[in-house]
Amino acid sequence: MPGSLPAVCEAAWPKDVGIIAMEVYFPSQYVEQAELEEFDGVGAGKYTVGLGQARMGFCSDREDIGSLCLTVVQRLMERSGLSYESVGRLEVGTETIIDKSKSTKTVLMQLFEESGNTDVEGVDTTNACYGGTAALFNAVNWVESSSWDGRYALVVAGDIAVYATGSARPTGGAGAVAMLVGPNAPLAFERGLRGTHMQHAYDFYKPDMVSEYPVVDGKLSIQCYLSALDRCYSVYRNKIHAQWQREGLDKRCSLEDFGFMVFHSPYCKLVQKSLARLMLNDFLCHHSPDTQSGPFSGLEAFRDVKIEDTYFDRDVEKAFMKASSEAFESKTKASLLISNQNGNMYTPSVYGCLASVLAQHTPQQLAGQRIGVFSYGSGFAATLYSIKVTQDATPGSALDKLVSSLCDLQARLDSRKKVSPDVFAQNMKLREETHHLANYIPQGSVEELFPGTWYLTRVDEKHRRQYVRRSMNDDRPLEAGLITSCITAEHIPSPLKKMPRIPAATAGPEGLVISNGDH
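Numbering (our numbering), first residue to last: 211 to 729.
Keep in mind that a hint or two might mislead.
[Stated by the list, open to error] Keeping only pairs whose Cα atoms sit at most 16 Å apart, straight-line, the calculated EDC-like set for lysine to aspartate or glutamate is:
no.: 1; residue 1: Lys516; residue 2: Asp440
no.: 2; residue 1: Lys598; residue 2: Glu466
no.: 3; residue 1: Lys225; residue 2: Asp359
no.: 4; residue 1: Lys225; residue 2: Asp427
no.: 5; residue 1: Lys483; residue 2: Glu527
no.: 6; residue 1: Lys416; residue 2: Glu642
no.: 7; residue 1: Lys628; residue 2: Asp359
no.: 8; residue 1: Lys483; residue 2: Asp523
no.: 9; residue 1: Lys416; residue 2: Glu400
no.: 10; residue 1: Lys516; residue 2: Glu527
no.: 11; residue 1: Lys639; residue 2: Glu466
no.: 12; residue 1: Lys449; residue 2: Glu400
[Claimed, not checked] Pairwise CB distance ranges, derived in the manner of DEER restraints:
no.: 13; residue 1: Gly428; residue 2: Lys528; range: 18 to 24 Å
no.: 14; residue 1: Thr375; residue 2: Ser311; range: 40 to 46 Å
no.: 15; residue 1: Arg401; residue 2: Ala621; range: 35 to 41 Å
no.: 16; residue 1: Ala621; residue 2: Arg462; range: 19 to 25 Å
no.: 17; residue 1: Glu323; residue 2: Arg462; range: 50 to 56 Å
no.: 18; residue 1: Gly402; residue 2: Ser498; range: 27 to 33 Å
no.: 19; residue 1: Gln409; residue 2: Glu248; range: 50 to 56 Å
no.: 20; residue 1: Glu323; residue 2: Ser464; range: 48 to 54 Å
no.: 21; residue 1: Cys617; residue 2: Met682; range: 36 to 42 Å
Read the hints as simulated data drawn from the structure, not as lab findings.
Note that the Cβ used here is the ideal one computed from N, Cα and C, for glycine as well.
Please put together the full structure from these sequences, using the hints given.
Written as C-alpha cells, this is what we have:
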C-alpha cells in the first residue's frame with residue numbers, strides 16, 4: 211500500500227509508548243446532588259438516579275484553568291521525582307478559554323523557569339471534551355516520530371464545566387489530569403488500533419465569547435455521542451480484525467476482548483447506556499447469536515433493528531442494559547468513581563475514569579488487560595482506542611508505582627468540604643459576573659483549598675493573571691496523604707540512557723508568585 215511502512219521499520223520505533231505516570235486534581239469543595247434536587251425544585255432522583263450523579267465538585271473564583279493546570283503539573287512532577295529538564299513536550303487539552311491568543315501551556319512554562327528548560331514543544335488543543343485525547347495522541351506520536359529527542363512528553367487535560375441555571379447545571383464539574391508519556395510504559399497504546407469519527411454538528415458549543423456557559427441541544431448531543439460510539443467501535447473492530455488476520459487469528463472483536471472499558475462521562479447513566487450500546491453492536495454484527503443462553507439470551511426480538519433507529523428506543527435500551535449488567539459491573543462501573551463524586555470534568559473526564567480503574571484494582575488484577583477508551587468531544591470528534599497493560603506487576607514495577615500513586619483517590623474525594631446548594635449557587639453567580647473582569651481580586655477563601663493548590667490572586671488592569679501556591683505545610687488532615695501519597699516520591703529516569711539522571715527536584719519556596727504577564 212502506498213505510504214505504508216515495511217515491517218522492519220517497526221523495530222526502530224520506541225517500544226510500548228504510553229502512560230507512565232498520572233496525576234488527578236479536583237476542587238476541594240462539592241455540592242450533594244440530592245440536596246441540589248430539592249434546591250432546584252425537581253423530583254427526587256432526577257439527578258442522583260436519572261443522571262447517576264452523587265456529588266459535583268466546583269471552583270470558586272480563586273481557581274481558573276491556569277491554576278488547575280499549574281497544580282496538577284507540579285503535583286505530578288513532585289510525586290514522580292521528575293526534573294523539568296526531562297520534559298521535551300508539553301501540550302494542554304482544554305475548552306476553558308480565558309485568552310483567545312495566549313495558551314495555557316505558556317502559563318505552565320513558568321514552572322520550568324528555574325530549570326532553564328525552554329526547549330519544550332506543544333501548545334493547546336481545543337475541541338470540546340476531545341482536546342485532552344488529541345493532545346495525548348500528539349504526545350504518543352511525537353515519541354514515536356523522528357522529532358523525538360529522548361525526553362518525556364507531558365499531557366494536561368483540564369476544564370471547569372459550568373452551566374447556566376437549569377436542567378444542564380447538575381452535569382457540571384471541574385478538574386485536571388496530567389499524564390507522563392514515554393516508552394516502556396505500563397499502559398502502552400496499541401499501535402494502529404484507533405477508530406475515529408469526525409462530523410459537523412451543533413450539539414454543544416460556546417459561541418458567546420464573554421460567557422463560560424455553552425449552548426446545548428441535549429437530545430442531539432446524546433444522539434451524536436451514541437452514533438460516534440457506533441462508528442468508532444465499528445472502525446476499531448475492523449482494524450483489530452485485520453491485525454489479527456495478519457497474525458493468523460480468525461476471530462471477531464467483541465466486548466469480551468476488553469478487560470475494562472472506559473468512556474467520556476458527561477454523566478454516569480450515559481456511560482452505562484454506552485456499554486449496553488457496545489453489546490447491541492456485538493449482537494447485530496454477530497452472524498448467528500445464541501439467543502437461548504449466554505449474554506444474548508432473550509434478545510431475538512431485536513435481531514432486525516437498524517442501529518441508527520435505536521438512539522432513543524427505550525425497549526432496546528432497557529433490554530441491552532439488562533443484558534450487559536454483568537459486563538458493566540466487571541468492566542466499567544469502577545471507572546465512574548470520580549465522575550460520580552466530582553461530575554463532568556470535560557477534557558479530563560475519560561482520563562479520570564481511567565485513573566479510577568487503576569485506583570481500585572491491584573497491579574495483579576490489571577496486568578495484561580486490554581483497556582478500551584472512548585473519547586468524545588461535541589461538535590463533534592470521537593475516538594475509540596485501546597491500551598495494553600504491562601504483564602509486569604511485581605513490587606516496584608512501573609505498573610506497581612502507577613497504581614500506588616493513585617490509591618489515595620477515594621481518601622482525597624472524601625476529604626473535600628460539602629457546601630450547601632445556596633453557597634454553590636452564589637459561587638456560580640460570582641463566576642458569571644467576574645470571570646472576564648480586569649483589575650479584579652478574587653473573593654473566594656484560600657483556606658478552603660487543598661494544600662499545595664495554585665490559586666488566582668489578582669487580574670490586573672491589562673488582564674494579566676497572577677497566581678500563588680498554597681503552602682503544603684498546612685494543618686489539614688489530608689496533608690500527609692498529599693505529600694507522601696501511598697508511595698515515596700521516586701525519581702523516574704529519562705527515557706533514553708543518554709539523558710542525564712537528574713536528582714529529584716525539591717519544592718520551590720512557599721508563597722512563590724507567578725503570573726501570565728510580564729515578570
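Broken hints, by number: 4, 7, 9, 11, 14, 16, 19, 21
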